[in-house]
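A.B. asks: Here are the chains, one letter per residue:
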Amino acid sequence: MHIDEAALESKFFEYSRRLHPDFFMNAPASKRILSLDASARLNAAYKTLKDPIQRAVCLVELESGKLEENDTSPPVELLENIFMAQEAAADYKCCESDGEEAEALRANLMAAKECFEAQRSGQRDALGALGARWDEAVDAGEEPPAEVIDKLRSILGLRNYIENILRNVDRALEEV
Amino acid sequence: MSDIIGIDLGTTNSLVAVMKDGSPVVISPEGERSLVPSVVSFRSNRVLVGDKARSDRTENIRNTIYSIKRFMGRGYSDIEDEQRHLPFEIDSSQKEAVFVKARGRSYGAPEISAIVLRELKSRAEKSLGRRVQRAVITVPAYFNDAQRQATKDAGRLAGLDVLRIVNEPTAASLAYGLHERNRGVIAVFDLGGGTFDISILKVRDGVFEVLATGGDTQLGGDDIDRALADYLIESSGLGDAVKENPETIGLFVLAAENAKRELTEQEKTEVVVECSGENPISFSQALTREEMEKIVSPIADRMMGPCRRVLKDAGLATSEVDEVVLVGGSTRMPLIGRMVTEFFGKEAQSELNPDEVVAMGAAVQADILAGGRTDMLLLDVTPLSLGIETMGGAMGWIIPRNTTIPTSQREVFTTFKDNQTGVDIHVLQGERELIKDNRSLAKFVLGIDPAPAGMARIEVSFLIDANGILSVTARDLRSGKAASVEVQPSYGLTDEQVEKMLLESFEHAEADIHARQVLEARTEAESVVAATMRALRNYGEDKIGDEERTAIEKTISEVEKALDGDDHQVIRDKIEALNEVTHPLAERMMDNVLKEALANKRLTEAISD
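One line per chain: the protein sequences are V and D, in this order. Counted from 1, the first sequence has number 34 at position 34 by this note's numbering; the numbering is strictly sequential. Counted from 1, the second sequence has number 244 at position 244 by this note's numbering; the numbering is strictly sequential.
Pulled out of the complex, with its shape left as it was, chain D reads as follows (with noise of 0.2 Å):
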């Protein structure tokens, strides 16, 4: 049985875990942590990630990527106003889906994080010692259908095969869960650095059940950086042109970032920004604790009507919560712990490290769907009501929020015209009453044979698998036939984005390079070993003795013992031996060849052949 790993693919960092004799482990190679920044940086020769790339925010401003994960599955005209305060450039000729430019290339988002797929990948396979293409991806509980597809693509495009999409709170449950310290009802408040998720379950006999989750996928630790960025820059008395600079600005948040995280450990900073070049800027100012929380506290407010609305979904009140688990680096923060405190009316819980419990639940799961733990089960809901586009533009239910997934639902559709061959049908998910204030997920045509006004039947089926993600068939209830569904979806790559980005990246990044080592190995290996096989079929036992054939074929087989395993060192080695075992054999081979061709030619034509 393969490997499948646990991924967290986090706005700000992303992590790798695999299950060890029973336990979640976060692999962390020798010397390094075992966090990956979530960053992309494009050099002119080569591709950075991770830490690496991390220092690149101040050198190579412009072309390094970060925060991409606020960019999945969603449209140029959602992000505009981010750009702002965006270092790189989004390119405005891509609308459907956000595209980043860097060094004259765009790239769409599902391209960057595959960057970093790739690395978690690389880690895993290096640590495990073996090849590894199975994986559960973590998202936000409150990602739509579009960020999860974006995901799944993101997955593909690093060359893995993603089993589930599994939601970041309760993948967190799971880790907690395998402590058996969890019985009950848990709020799990998750605020990562992009996103904010307030998932309520049940725990019971191994079971968990989602109960309603909530949150905002546009809030997170990014936006308490870009508040206090915003009110440094305002005191700066930088001059408007320095201001608006997207450099000046990325320094500023990255300064405000740091600053966060010290005045998480202590009372007061001091924030420093220096740049020299074109607009050179020295700036320092000290800040205290209680400072920041006065300027982030409208943006930690915003967390409150989720967590309101989740409880009342799930028919609880405060005080029939049991346990209160912190998920997330920014529940760091000393001002997160205490509203949560507060609104929930007990201490919570934070034993297992916020940063990596997500990615050791995702490892869990990951086992369950490989068949190594029986004992456990996921039951998760739906985060967004799904629906059709009816008269008026109002918006017609089919799935109400929350329902335990997977789930589906069947829905009779005819036609208003006569000979009428198609039926258009707009999916939205959201909980507005009209469909211009939601989410446009697809339109979906209805392939009709032509009859009548009213009388084609034709039965959908839409269905939310335990992804959260929806896929629509449909039937002719006539002839009882199924009916063909054509898919146009609203925002995100098509599949022949999909398709071309997959050989595109190749070419590209860090990542690969290792994959692309073992590919060229195996390549030579198949070559060699094709070309002896050919050389041992061709030469009969006068020119190759028994004992050297038997040595040949031995190496052969050592050769292709190592095309099975995944490392281009040892298949290197292999080529190597059977290069030095043939020799002899390739020498009498020369030999010949020159001898045949010497026989009726002089030495200078025979070369020149």
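Only chain V is shown next, with the shape it has when bound in the complex (with noise of 0.2 Å):
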């Protein structure tokens, strides 16, 4: 789960330079195509152990099937505060004045907000812990533990309902 990202970094610049297209300009077409998809898989594979949720999505799915959406079932709690804050969002977007009235809707989305971003860091706290429980175990030449695996897929699961939310939320605030 924790990777060296200087070293991620290097690699990924060491292969660019082995399989980028502008090095295979000159080259037979088959060759020039063959170098377009090597480093589009490249990129896709960079993208994914750079970032630590994909990271771990993508390791949590290798060893116990693919992630769905239907998972998860969030805690009520969390749906009702979803819904509220959508609610939040969408008066905001069509509040046309710029009175008061459109000064509390807007500190109301940006409570919203903070709340959510609160669950998020909160969440990769968590996914932290569990990764370096599942670093250690790996470390020691063992399988990842299988509450460890649970605990991971509950909290990925969960994760985009924040992130959609999160996202719909800075949208309505950029857009006004």
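The set of hints was computed from the structure by calculation and includes no laboratory data. Don't be surprised by glycine CBs; every beta carbon is placed ideally from N, CA and C. Just to be clear, a hint being listed does not mean it is correct.
Okay, derived cross-link-like pairs now, DMTMM-like style, lysine to aspartate or glutamate, Cα gap no bigger than 25 Å in a straight line [said to hold, decoys possible]:
(1) V:Lys-93 to D:Asp-465
(2) D:Lys-202 to V:Glu-103
(3) V:Lys-50 to D:Asp-465
(4) V:Lys-93 to D:Glu-433
(5) D:Lys-202 to V:Glu-63
Pulled from the structure, derived: some chain V residues nowhere near chain D, Cβ distances all over 10 Å [as the list claims (entries may be wrong)]:
(6) His-2
(7) Ala-7
(8) Glu-9
(9) Ser-10
(10) Arg-17
(11) Leu-36
(12) Ala-40
(13) Ala-44
Two independent chains are provided; combine them into the complex using the hints.
C.D. replies: Structure below.
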């Protein structure tokens, strides 16, 4: 789960220098196509490995199968909060006046945003702790514990709900 | 190895650069500027490009086309509103691509760009003394697929093989990178005549990795000129009819452009618009820099949104940006410099000429592609998210913006009806949730073998190459065979249109003259050589002595050598030499013919034969 980011970047650059289409301009067409395809895959791999969340998703899926959207049913409280934030975002977007009403709606939305951001950072901490336990097991030559995998799956499953609502809130704040 | 030139095809000015002894050099013919104004003037008997055309913006105003880059890869409805500010006419009968009218003929935007490109190509050829066929052309980083494609089309129309489309700010960073000074995180703030880009790059070990890019392809110096022109016209006290006259507006835009430039150097200026003719104008007004800045500040403010967003996308704070680089002529305005400094909290660099740095970077990229440089590598991103139309007109995201290119993504499609033989895939670019708010790129029609509903499984690969241009391929997962994909681009020219323009283009443009002269000299040389060879074959040793034969053969090989080059004068000289050396032979041949003819006929009969 943990990765040496500087080493990852160096490796990415090294492979890019070997695979990038820039270095195959004078090669036969078949080689050019291979280079294009290989760099596209390299770029995708780097993107996945660079981001701690995507990396965790990838490792967990390799270990225990794909994460499906309906895997995790979110707690009622989270759903309620999401629903309320969505309403607040819609109200704010529709609100045309610049006066006190808009200010109040904006403050409301900012509060929701802070709340979800706190949850997100809580998730990150939890992922970090679980990731450390995962690495410990793997370093010792063992399988990652089932309990760690389950918890990771549950957090990663909820993550999309929080990311989506944060994106919507941000969009509302930006648009107005 | 043949040369690859680097071209900055700008809204206002264009330039060409080549690598000389490991450094990029911008080409400027003796006694001329390196900048070629991207202006094309259609006179009754010829076509002018660059500075010569620019001066026609007062004399031949209705037939002088400028800022064509704003129309590349766009449709009529996108730009209809701009007509008001343009003294030349847009062809309203063409909807999917913008065509402009000059002297009764319509020209697609890439055709106009091609005329500018041909001028640059010929400049490079004169400077290098060789033919040039391959080029790297830069585009604003925020250009969408259709705009990039249109730029490629323009290259093709100019007789150039466009090896790569490079983003302007990234190209600039390559030129700065050669100075070995830049390490860490660089922000490139690029404000040109018509477009605005902001890119954040991370530079390490010769790898230039773009982290995020943003901008506005319809925001540049032109918009500043127009805002200023509108203000000046408003305060001119001219009658409404004169105010709305395209020529009046054209003259005021030109005056605004000049005033803007003067107010970059000095605190105040006098704006003068004089025009005799049908609607005489005699206007003059004092303008201070402060006044101008107030008028144009709403336009400058539009740049801050993309700046904030790009930092957010890169996941960086302004304090994490190590250097800020200014690119594009419009960054010379003191107002812009101040804004950038204020936003990033540090003094921006502009030690390389902001007009030339993009072309220089294009030449560096050309060198990399030619295999001349292996220590530098550019990893760029796609500026806009790519998606397809899903149920209810919503956008289904496939490739998010700021993904490193090349990149590919696969999606599996199936059929909803029995024996359905095609599936339509509507591909769009943009960041909005609904497809109606995004830019339609193309509709792809997948060919499918008839089967019960839901049985077909077609895997479609969306690939964005290193030019930022999309291609789509499909595979039938059941048979493993390639499936057919028919493309209907939403904007821009079709392949057939480009072909047709390609054929027509050779009749026009000053820039063509050189190519035509070479072509004509070649054709003549080839026919002279062929005729001489025929004569050498047909006439035995009795008629051509050894010495003469050797001399002729030597001259033929000289002509052939000249044909390898690209100088029509050299070819002509060698044709002349061959004519001279074969003159005695030709005379004898003529004598023979005459003798034969006269043997049986009287002179008059022979001549009238």
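A.B. asks: So which of those numbered hints doesn't the model satisfy?
C.D. replies: Those not satisfied are hints 1, 2, 5, 8, 9, 10, 11, 12 and 13.
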